Amino acid sequence: MEALVEVRGLVNRFGSQIVHDGLDMTVERGEVFGIVGGSGSGKSVLLRSILGLQRPQAGEVRLNGRDLTRLSVQELKVIKAGYGVTFQQGALFSSLTVLQNVQLPMLEHLSLSPRALDELALLKVRLVGLPDEAARKFPAQLSGGMIKRAALARALALDPGLLMLDEPTAGLDPISAAAFDELLMDLREQLGLTVIMITHDLDTIFRTCNRVGVIIDRKMTSDTLAGISGNPHPWIQAYFHGERAERFGTPSHGT
Amino acid sequence: MHLSLQRDGDSLEVELIGSWRGTDLPAIDAELASQSFAGASRLVVSVPDSVELDLAGAWTLREWLKSAENAGLTVEFAGTAPGQFALIETTLAGRKHPAPPSSSEPAFEPVSALGKQVTRRVVALQYALDFIGRSVITWLRACASWHRLRPASVARHIYETGITAIPIVSLIAFLITVIIAYIAAQQAREYGAEIFVVDIVTVGVLRELGVLLTAIIVAGRSGSAFAAEIGAMKLNEEVDALHAIGVEPHEVLVLPRVIGLVVAMPLLTVIADGIGLTGGAILCKWLLDMPLPLYIDRVQDAISPTTFWVGVIKAPVFGLLIALSGTYRGLQVRDSSRELGRLTTVAVVQSIFLVIFANALFAIAFWQLDI
Numbered sequence: 001m002e003a004l005v006e007v008r009g010l011v012n013r014f015g016s017q018i019v020h021d022g023l024d025m026t027v028e029r030g031e032v033f034g035i036v037g038g039s040g041s042g043k044s045v046l047l048r049s050i051l052g053l054q055r056p057q058a059g060e061v062r063l064n065g066r067d068l069t070r071l072s073v074q075e076l077k078v079i080k081a082g083y084g085v086t087f088q089q090g091a092l093f094s095s096l097t098v099l100q101n102v103q104l105p106m107l108e109h110l111s112l113s114p115r116a117l118d119e120l121a122l123l124k125v126r127l128v129g130l131p132d133e134a135a136r137k138f139p140a141q142l143s144g145g146m147i148k149r150a151a152l153a154r155a156l157a158l159d160p161g162l163l164m165l166d167e168p169t170a171g172l173d174p175i176s177a178a179a180f181d182e183l184l185m186d187l188r189e190q191l192g193l194t195v196i197m198i199t200h201d202l203d204t205i206f207r208t209c210n211r212v213g214v215i216i217d218r219k220m221t222s223d224t225l226a227g228i229s230g231n232p233h234p235w236i237q238a239y240f241h242g243e244r245a246e247r248f249g250t251p252s253h254g255t
Numbered sequence: 256m257h258l259s260l261q262r263d264g265d266s267l268e269v270e271l272i273g274s275w276r277g278t279d280l281p282a283i284d285a286e287l288a289s290q291s292f293a294g295a296s297r298l299v300v301s302v303p304d305s306v307e308l309d310l311a312g313a314w315t316l317r318e319w320l321k322s323a324e325n326a327g328l329t330v331e332f333a334g335t336a337p338g339q340f341a342l343i344e345t346t347l348a349g350r351k352h353p354a355p356p357s358s359s360e361p362a363f364e365p366v367s368a369l370g371k372q373v374t375r376r377v378v379a380l381q382y383a384l385d386f387i388g389r390s391v392i393t394w395l396r397a398c399a400s401w402h403r404l405r406p407a408s409v410a411r412h413i414y415e416t417g418i419t420a421i422p423i424v425s426l427i428a429f430l431i432t433v434i435i436a437y438i439a440a441q442q443a444r445e446y447g448a449e450i451f452v453v454d455i456v457t458v459g460v461l462r463e464l465g466v467l468l469t470a471i472i473v474a475g476r477s478g479s480a481f482a483a484e485i486g487a488m489k490l491n492e493e494v495d496a497l498h499a500i501g502v503e504p505h506e507v508l509v510l511p512r513v514i515g516l517v518v519a520m521p522l523l524t525v526i527a528d529g530i531g532l533t534g535g536a537i538l539c540k541w542l543l544d545m546p547l548p549l550y551i552d553r554v555q556d557a558i559s560p561t562t563f564w565v566g567v568i569k570a571p572v573f574g575l576l577i578a579l580s581g582t583y584r585g586l587q588v589r590d591s592s593r594e595l596g597r598l599t600t601v602a603v604v605q606s607i608f609l610v611i612f613a614n615a616l617f618a619i620a621f622w623q624l625d626i
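These protein sequences, in sequence, are chains A and B. The first sequence lines up with residues 1 to 255 when you count with this note's numbering. The second sequence lines up with residues 256 to 626 when you count with this note's numbering.
By construction, these hints were calculated from the structure, which means they are not laboratory data. Because the structure is a prediction, the values reported are computed rather than measured. Keep in mind that a hint or two might mislead.
[What the hints assert, rightly or not] Below, a sample of chain A positions facing chain B; criterion: calculated Cβ distance under 10 Å:
{"#": "1", "residue": "R29"}
{"#": "2", "residue": "G30"}
{"#": "3", "residue": "F93"}
{"#": "4", "residue": "L120"}
[What the hints assert, rightly or not] Chain A residues, not near chain B, derived (Cβ > 10 Å throughout):
{"#": "5", "residue": "E28"}
{"#": "6", "residue": "L53"}
{"#": "7", "residue": "E60"}
{"#": "8", "residue": "K80"}
{"#": "9", "residue": "E119"}
{"#": "10", "residue": "L123"}
{"#": "11", "residue": "D173"}
{"#": "12", "residue": "W235"}
[As the list claims (entries may be wrong)] As a list, the in silico SDA-like pairs of lysine to any residue whose alpha-carbon atoms are at most 25 Å apart:
{"#": "13", "chain 1": "A", "residue 1": "K77", "chain 2": "B", "residue 2": "D284"}
{"#": "14", "chain 1": "B", "residue 1": "K321", "chain 2": "A", "residue 2": "D118"}
{"#": "15", "chain 1": "A", "residue 1": "K77", "chain 2": "B", "residue 2": "I413"}
{"#": "16", "chain 1": "A", "residue 1": "K137", "chain 2": "B", "residue 2": "K321"}
{"#": "17", "chain 1": "B", "residue 1": "K321", "chain 2": "A", "residue 2": "D132"}
{"#": "18", "chain 1": "B", "residue 1": "K371", "chain 2": "A", "residue 2": "K77"}
{"#": "19", "chain 1": "A", "residue 1": "K80", "chain 2": "B", "residue 2": "H257"}
{"#": "20", "chain 1": "B", "residue 1": "K540", "chain 2": "A", "residue 2": "I216"}
{"#": "21", "chain 1": "B", "residue 1": "K371", "chain 2": "A", "residue 2": "D118"}
{"#": "22", "chain 1": "A", "residue 1": "K137", "chain 2": "B", "residue 2": "E307"}
{"#": "23", "chain 1": "A", "residue 1": "K80", "chain 2": "B", "residue 2": "E307"}
{"#": "24", "chain 1": "A", "residue 1": "K137", "chain 2": "B", "residue 2": "P281"}
{"#": "25", "chain 1": "A", "residue 1": "K137", "chain 2": "B", "residue 2": "D284"}
{"#": "26", "chain 1": "A", "residue 1": "K77", "chain 2": "B", "residue 2": "P281"}
Ideal placement from N, C-alpha and C gives every residue a C-beta, glycine not left out.
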């Protein structure tokens, strides 16, 4: 396995507030990596740093071995075609239909015939389990779960090898969330995706993640699921062995 | 090179090479288009593991293989078909209707278009009446207590729409007066009637220009701000949140803005009037060598007791119109950011139109009243 995403010594500061101080993270090809942390611990800032939306004060972010913090805008554009992102609120373009939302990255990065554009976009819409009618709807006409799926369809538009998801199941009922997790695992298998996901949903973590990275004290501790839930750090213990986690029968303290 | 082709009797053997990703499609399409199926009856496709095939590439290959089948060839894979193929097959299977067109504008039908327009206008009128009625009721209710008039919020709007607009309003008033005085001076000089430049400037600024320019600037500044601010709140469901909390959105969003602008507009107008007269004085002194005491004397002769008030009395009305159309359009925003932009534009255009239209009505009324 080779590292697909590698973050080394990341430092992010906003004024006097230090968000990350020498954070390291490695995501290997083909795995599902969950990012966990308390509110305000800088999960979204980390994701934004990996996406190149946020220039870190120090450190490097390597995608496929290339340091994103030192690339020009032109070079970044090529890199950006190689990953798909969903944002917490979906961030679908409200003035475009779902189909047009999916087609937008294709129009920007690929030169396709109109027929190929329609077929491929519809393929993505169906892949994420949306009915054909939804393709013609505007984001405001969709339910929360459908918005999440539509956002995933847009993220998949360019057949990326890497998916970055910010709270993909937040705000969904447990059944929809479970269905979304299942969909994600299916797609990962079928399309050979690597997935980085920020999530608070313990169900999602246990169902989908191979490894988990916890942001504590401005740094990241990452391990396999079994390893991380055995970590003695009090916050991790509280997170994985709190009342809400007990029902999963996670490995108990010290195993 | 994305494929290698070998002919073996009547069978074609195709092997994919290299990268078959979305970004390679133009080259792949060109290469596929140059192949001919002539004289072949069998097509054998092999996809080695080393080929980077994504869904876009697989779809293109599938289309090409279909065209081969249509040309009468039998298509088969050497080994198993790639997984992407099966995925596309199952996902696109069972489609009942062709792909929804990405940009479908229905054909123009005059009768239904007319009907739609009419119903839309009627509904719009209904909404506008509803809005005005609601505003009046909220206003009456709010008058019951000082607290419900939201003095803090009103003060904020007076500051944002009034105080911060002073520099731009002053500058515009000054420049326009200078232009008018300059043109008037050029004309009047031919008749040796330079003294009447003062009359033109004074009456023009006090009666019409001061208030009209102020209103147009305020419409551009604050009318748009009202629409955009409230529109963004609508998109963000903040207006619904107000409803849910039991706060009447009209009371907290519309009323303070209307009161704020109704107060701010006369103040801005007075300032514009003052700056305009100052501009006139400076130009008369500089261009016509008219001493300041003479200018002031002439100004006093030129105006009647009502001249100043005729201008200022219009200001609160214009303020009301601008604030109402801005907030009304803001509250109409729904669903998309495009709506927000469209309705902000509508708010500005409409408030400027309403201001000028109201100004015409005022002119007629004042003429009838002989003031």
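Outcome of the hint check:
With 10 Å as the threshold, the beta carbon of R29 (chain A) stays out of range of chain B, its nearest partner Cβ sitting at about 14 Å, so the hint is violated. For G30 (chain A), the interface hint is violated, since its Cβ never comes within 10 Å of a Cβ in chain B; the closest pair sits about 15 Å apart. For the restraint placing F93 (chain A) at the interface with chain B, the shortest Cβ-Cβ distance is roughly 8 Å, inside the 10 Å limit, so the hint holds. With 10 Å as the threshold, the beta carbon of L120 (chain A) comes within range of chain B, its nearest partner Cβ sitting at about 6 Å, so the hint holds.
For E28 (chain A), the requirement that its beta carbon stay farther than 10 Å from each beta carbon of chain B is met, with the minimum near 19 Å. Remark: the non-interface label on L53 (chain A) is consistent with the geometry, its nearest Cβ contact in chain B lying 19 Å away (cut-off 10 Å). Annotated as non-interface, E60 (chain A) keeps its C-beta farther than 10 Å from every C-beta of chain B; the closest such distance is 26 Å. At roughly 12 Å, the least C-beta separation between K80 (chain A) and chain B is larger than 10 Å, which holds for a residue marked as non-interface.
With a closest Cβ-Cβ approach of about 6 Å to chain B, E119 (chain A) is found to fall inside the 10 Å limit, against its non-interface label. Residue-level check failed: L123 (chain A) sits 6 Å from the nearest beta carbon of chain B, not beyond 10 Å. No beta-carbon of chain B comes within 10 Å of the beta-carbon of D173 (chain A); the shortest separation is about 19 Å. Distance check on W235 (chain A): its Cβ is at least 32 Å (rounded) from any Cβ of chain B, clearing the 10 Å threshold; non-interface status holds.
Between K77 (chain A) and D284 (chain B) the CA atoms are separated by roughly 23 Å; this keeps the pair inside 25 Å, and the hint holds. Distance check on the hinted pair: K321 (chain B) and D118 (chain A) sit about 18 Å apart at the alpha-carbon level, within 25 Å; holds. Taken as a hint, the K77 (chain A) and I413 (chain B) pair is broken in the structure, with Cα atoms around 46 Å apart against an allowance of 25 Å. With a CA separation close to 31 Å, the supplied pair K137 (chain A) and K321 (chain B) exceeds the 25 Å bound.
Taking the CA atoms of K321 (chain B) and D132 (chain A), the gap is about 23 Å. The hint holds against a cut of 25 Å. Proposed proximity of K371 (chain B) and K77 (chain A) is contradicted: the alpha carbons are some 44 Å apart, above 25 Å. Proposed proximity of K80 (chain A) and H257 (chain B) is supported: the alpha carbons are some 24 Å apart, at most 25 Å. Distance check on the hinted pair: K540 (chain B) and I216 (chain A) sit about 73 Å apart at the alpha-carbon level, beyond 25 Å; violated.
For the hint linking K371 (chain B) to D118 (chain A), the alpha-carbon distance of about 30 Å lies beyond 25 Å, and the restraint is violated. Taking the CA atoms of K137 (chain A) and E307 (chain B), the gap is about 33 Å. The hint is violated against a cut of 25 Å. For the hint linking K80 (chain A) to E307 (chain B), the alpha-carbon distance of about 18 Å falls within 25 Å, and the restraint holds. Annotation: proposed proximity of K137 (chain A) to P281 (chain B) is violated, straight-line Cα distance about 30 Å (limit 25 Å).
Our distance criterion of 25 Å between C-alpha atoms is broken by K137 (chain A) and D284 (chain B), whose separation comes to about 31 Å. Restraint check for K77 (chain A) and P281 (chain B): the C-alpha separation of about 19 Å stays at or below 25 Å, so the hint holds.
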